[in-house]
Amino acid sequence: MFRKGYISELKESSARVTFPDLNNTVSGWLAISEFKVKCTESCNNTNCTATLDLKIGSSVIVCLYDGINSGIIIAKGSEI
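In this text, residue positions in the sequence shown follow our numbering: the first is 214, and each later residue adds one.
It is worth saying that the hints were derived from the structure and are not from the lab. Bear in mind that the values here come from a model prediction, so they are computed numbers and not experimental data. Glycine is no exception: its CB is placed at the ideal position from the N, C-alpha and C atoms.
Cut-off 27 Å, straight-line C-alpha distance, at most; resulting in silico cross-link-like pairs (DSS-like, lysine-lysine):
id, residue 1, residue 2
1, K289, K268
2, K249, K217
3, K289, K249
4, K217, K289
5, K224, K289
6, K249, K268
7, K268, K224
8, K249, K224
9, K217, K268
DEER-style ranges, computed between Cβ atoms:
id, residue 1, residue 2, range
10, F215, E247, 15 to 21 Å
11, P233, N260, 33 to 39 Å
12, S221, N260, 31 to 37 Å
13, S283, N260, 26 to 32 Å
14, T238, A263, 25 to 31 Å
15, N236, I269, 15 to 21 Å
16, K268, M214, 23 to 29 Å
17, L235, I269, 15 to 21 Å
18, N236, A263, 32 to 38 Å
I would like the entire structure built from these sequences, with the hints used as guidance.
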């Protein structure tokens, strides 16, 4: 299930998300998705990992697996 929310707490590779449509319920710590990218030109064709540039208050799209405590943050969303 996909849900829109916003970042309420942030660690290096995970975050807690508040869901306004669920009476501002806060999730458990959810992983922030990483993407494998191929850097070219000045990066000498190396494989790099990119992640979402998030801060507290950022709007996000979350894919929940089993309730609000299990899922992954997959994208930045539009303003809520």
